[in-house]
Amino acid sequence: AQSVTQLGSHVSVSEGALVLLRCNYSSSVPPYLFWYVQYPNQGLQLLLKYTSAATLVKGINGFEAEFKKSETSFHLTKPSAHMSDAAEYFCAVKGNYGQNFVFGPGTRLSVLP
Amino acid sequence: DTAVSQTPKYLVTQMGNDKSIKCEQNLGHDTMYWYKQDSKKFLKIMFSYNNKELIINETVPNRFSPKSPDKAHLNLHINSLELGDSAVYFCASSLTVNEQFFGPGTRLTVL
Chain G
1 AQSVTQLGSH
11 VSVSEGALVL
21 LRCNYSSSVP
31 PYLFWYVQYP
41 NQGLQLLLKY
51 TSAATLVKGI
61 NGFEAEFKKS
71 ETSFHLTKPS
81 AHMSDAAEYF
91 CAVKGNYGQN
101 FVFGPGTRLS
111 VLP
Chain F
1 DTAVSQTPKY
11 LVTQMGNDKS
21 IKCEQNLGHD
31 TMYWYKQDSK
41 KFLKIMFSYN
51 NKELIINETV
61 PNRFSPKSPD
71 KAHLNLHINS
81 LELGDSAVYF
91 CASSLTVNEQ
101 FFGPGTRLTV
111 L
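As given, the protein sequences belong to chains G and F, one line each in that order.
Heads up, the first sequence is in the numbering used here, so the first residue is 1 and it goes up one at a time.
Heads up, the second sequence is in the numbering used here, so the first residue is 1 and it goes up one at a time.
Worth flagging that the hints you see were computed from the coordinates, not collected in a lab.
Take these hints with a grain of salt, some might be off.
[Stated by the list, open to error] Calculated cross-link-like contacts (lysine-lysine; reagent style BS3-like; alpha-carbon spacing at most 27 Å): (1) F:Lys44 with F:Lys9; (2) F:Lys19 with F:Lys40; (3) F:Lys9 with F:Lys36; (4) G:Lys69 with G:Lys49; (5) F:Lys67 with F:Lys36; (6) F:Lys41 with G:Lys58; (7) F:Lys9 with F:Lys67; (8) F:Lys44 with F:Lys19; (9) F:Lys71 with F:Lys40; (10) F:Lys36 with F:Lys71; (11) G:Lys58 with F:Lys19; (12) F:Lys22 with F:Lys41; (13) G:Lys49 with F:Lys71; (14) G:Lys69 with F:Lys44; (15) G:Lys58 with G:Lys69; (16) G:Lys49 with F:Lys19; (17) G:Lys58 with F:Lys67; (18) F:Lys19 with F:Lys9; (19) G:Lys68 with F:Lys36; (20) F:Lys22 with F:Lys9; (21) F:Lys9 with F:Lys71; (22) F:Lys9 with F:Lys40; (23) F:Lys19 with F:Lys67; (24) G:Lys49 with F:Lys36.
For clarity, every value in this text was computed on a predicted model and none was experimentally measured.
Can you build the whole structure from these sequences, using the hints too?
Below you can see the structure in the form of structure tokens.
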């Protein structure tokens with residue numbers, strides 16, 4: 001069975017600081033991995049996805065994530081946080097044999113001025 | 001143009017009532033989903049459906065039933081609403097293994 005853990009339900013960074021949101025997964029098959037962002041009172045929006053091509057994936061709004069098979073991780077980073085990055089971030093995994101998407105519990109990112 | 005739309009955006013109702021939430025996607029996707037997001041933001045898949053197969057999360061009460069009149073629509077019908085059903089419900093769609101596209105959500109409040 002697939003599962004996703006996100007270390008830290010709440011992360012606070014200062015504006016301009018590095019953002020690091022952690023995601024670890026377990027999957028019995030080669031996974032597809034995703035990061036979604038949810039702004040207040042909105043639906044989820046895709047930030048980036050890994051689908052077995054390049055291990056370093058660049059997404060929208062300056063975010064990127066690196067797939068590390070040996071660590072079963074797919075951490076999300078951004079070099080410099082902006083106030084508008086404050087939101088809830090979800091990591092998700094999907095197997096490539098018809099399995100459903102499985103979402104992590106989410107990490108709330110706060111950006112301090 | 002909106003890719004995945006849901007109506008209504010807000011739904012307030014009394015316990016015991018029956019209600020429906022509508023979802024439409026204009027992306028030509030073959031699979032649609034319903035998720036429940038609780039007050040702690042945890043996302044739980046309720047159903048996934050394509051034109052061949054309905055997959056039900058076994059933890060979902062049978063008071064919840066998806067209804068798909070056609071490939072572009074997957075409505076959620078809820079019978080005998082309970083206080084614990086209060087949540088935000090998201091519809092989503094996808095094409096094979098690609099990412100899911102989410103609707104804006106429907107905030108259901110059961111009084």
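Quick rundown of the hints versus the structure:
no.: 1; hint: F:Lys44 with F:Lys9; result: holds (19 Å)
no.: 2; hint: F:Lys19 with F:Lys40; result: holds (24 Å)
no.: 3; hint: F:Lys9 with F:Lys36; result: holds (14 Å)
no.: 4; hint: G:Lys69 with G:Lys49; result: holds (15 Å)
no.: 5; hint: F:Lys67 with F:Lys36; result: holds (16 Å)
no.: 6; hint: F:Lys41 with G:Lys58; result: holds (25 Å)
no.: 7; hint: F:Lys9 with F:Lys67; result: holds (19 Å)
no.: 8; hint: F:Lys44 with F:Lys19; result: holds (20 Å)
no.: 9; hint: F:Lys71 with F:Lys40; result: violated (32 Å)
no.: 10; hint: F:Lys36 with F:Lys71; result: holds (21 Å)
no.: 11; hint: G:Lys58 with F:Lys19; result: violated (41 Å)
no.: 12; hint: F:Lys22 with F:Lys41; result: holds (21 Å)
no.: 13; hint: G:Lys49 with F:Lys71; result: holds (25 Å)
no.: 14; hint: G:Lys69 with F:Lys44; result: holds (26 Å)
no.: 15; hint: G:Lys58 with G:Lys69; result: holds (17 Å)
no.: 16; hint: G:Lys49 with F:Lys19; result: violated (35 Å)
no.: 17; hint: G:Lys58 with F:Lys67; result: violated (37 Å)
no.: 18; hint: F:Lys19 with F:Lys9; result: holds (13 Å)
no.: 19; hint: G:Lys68 with F:Lys36; result: violated (30 Å)
no.: 20; hint: F:Lys22 with F:Lys9; result: holds (10 Å)
no.: 21; hint: F:Lys9 with F:Lys71; result: holds (22 Å)
no.: 22; hint: F:Lys9 with F:Lys40; result: holds (19 Å)
no.: 23; hint: F:Lys19 with F:Lys67; result: holds (13 Å)
no.: 24; hint: G:Lys49 with F:Lys36; result: holds (22 Å)
Going down the numbered hints, you'll see the structure goes against 9, 11, 16, 17 and 19, while the others check out.
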